[in-house]
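J.: Residue numbers (my numbering), protein chains in the order written: chain A, 9 to 264; chain B, 9 to 264.
Any given hint could turn out to be false.
[To be verified] Cut-off 25 Å, straight-line C-alpha distance, at most; resulting in silico cross-link-like pairs (PhoX-like, lysine-lysine): (1) A:Lys109 with B:Lys109; (2) A:Lys200 with B:Lys109; (3) A:Lys66 with B:Lys66.
Hints are computed from structural coordinates only; laboratory data are not their basis. This structure is a prediction, so every number in the text was calculated from the model and none was measured.
Protein chains: 2
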Amino acid sequence: MTGRDGSADIGPIGNAPVVVLVRPQLADNIGAVARAMANGGLFELRLVAPRDGWPQEKAWRTASGAGRILDALTLHDTVADAVAGLHRVFATCPRPRHVVKPVFTARAAAAELRAVEARGLRSGILFGPERAGLDNDDMAQADALVRYPLNPAFMSLNLAQAVMVMAYEWWVAADTTPPHTLMTNETRVATKAELENFLTHLIAELDASGFLRNLPKRPGMIRNLRHLFERGEVTEQELRTLHGVVTELAHGRGGG
Amino acid sequence: MTGRDGSADIGPIGNAPVVVLVRPQLADNIGAVARAMANGGLFELRLVAPRDGWPQEKAWRTASGAGRILDALTLHDTVADAVAGLHRVFATCPRPRHVVKPVFTARAAAAELRAVEARGLRSGILFGPERAGLDNDDMAQADALVRYPLNPAFMSLNLAQAVMVMAYEWWVAADTTPPHTLMTNETRVATKAELENFLTHLIAELDASGFLRNLPKRPGMIRNLRHLFERGEVTEQELRTLHGVVTELAHGRGGG
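Isolated chain A, as found in the complex (with noise of 0.2 Å):
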């Protein structure tokens, strides 16, 4: 399927919860939003009364590859409607007022929405409008608040971040990357023994040149140079290049 701006297939729609903007008023977000959600595999978008009505050309601008989303979203009078056939809906909002809720912070409620998911039941999330987010009502209709943890100095959250930080905590949620790995490309970590073999080559030109003439205190620089070279992940290709290096230095010096 592709969108009207020629955009490709971008994932599957699946059971991921349903982005719902409430009155949102600059359709410049609305397509940032399309964009965030597409970065954290979110695809079904709903709008609920948008101030300056739909579509809107600009949209399709800013979501940026990703208006395939804005292609297929729905237009709602109210938010009761746009819910009305999930399960269970989560409602964003920084500052909740007069309310009695449950509140999660952004990451419990994405391992929560995958809990839904994985029971085969509809999620969505509220985004209320620009400047005033969602009101008592609207959160009403929501069995959850979610709030981020972000800094209290400074809570001015543009719409289409805030779907952001929710759709990249609902990716996470199911990822298995590990946190940290070494990335070899076309080469490979060197082997103990590899690295060995260097540091002989090493030693023997540093013997030669007379860098390791303090008898004495050759054990300690020698460890030290270990040391360097056994504190990281060196490649096999790095090794070569560094037994090179050797090379070159020890063939200068005598040619000089």
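Using the hints provided, position chain B relative to the given structure of chain A.
T.: Coordinates of chain B only, in the frame set by chain A:
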């Protein structure tokens, strides 16, 4: 300290990571980056060779109150100059090639940046230009790469969104908000005794109305009602309302 756009103090500078935008193209994005930084408690911004020069009035508009960050940013000709005073540098990079480098998720990078901060060292995070991203020479100046786990079918991530994710993870890495609470505002969670008192009232009225006249089914029906009210956390105020509802319904029945 007040910004030139009248923005108020939005938090301490401290030892948080520096954000380095490498060859950024759009002033709008630079402003939106400042806003995202303020959201996540990052305050020091450096620009390397911005395409359209600097300053650009547009940036203060999209910064939306975070103008102080723009007022204080520094300009640099090269990445090397921008990171010269830093001890640890991460480079955000969606698809690195021909690079041998440690790679962190955003979350793991945030933990690492907090560890660097705790050691009293200064860190920075590089973000590349809007279309091309960082080139190999930029990345060679970083200690490690950061790759966000996000929808691989839609990699087009807005610059300010990329900064938002990292700023958010930075903030959350030191945040202690409980993942899930019940917001009660003016009231509080009811005690079990208060709940029991309400259930006694409800059952008495249901007995009086004849609703529980099927004696073999009565224990099961009461248990179902108990399960309903014991499921979540009911507040003291809600119980008072429910007492009123039961009394009114019973009274209405008697008077009708």
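J.: Hint by hint, note whether the structure agrees.
T.: For each hint, the structure was consulted:
Among the hinted pairs, lysine 109 of chain A with lysine 109 of chain B is inconsistent with the structure: their alpha-carbon atoms are about 46 Å apart, more than 25 Å. Only pairs whose Cα atoms come within 25 Å are accepted, and lysine 200 of chain A paired with lysine 109 of chain B is accepted, the gap being roughly 19 Å. Restraint check: the Cα-Cα separation between lysine 66 of chain A and lysine 66 of chain B comes to about 18 Å, which is no more than 25 Å; the hinted pair holds.
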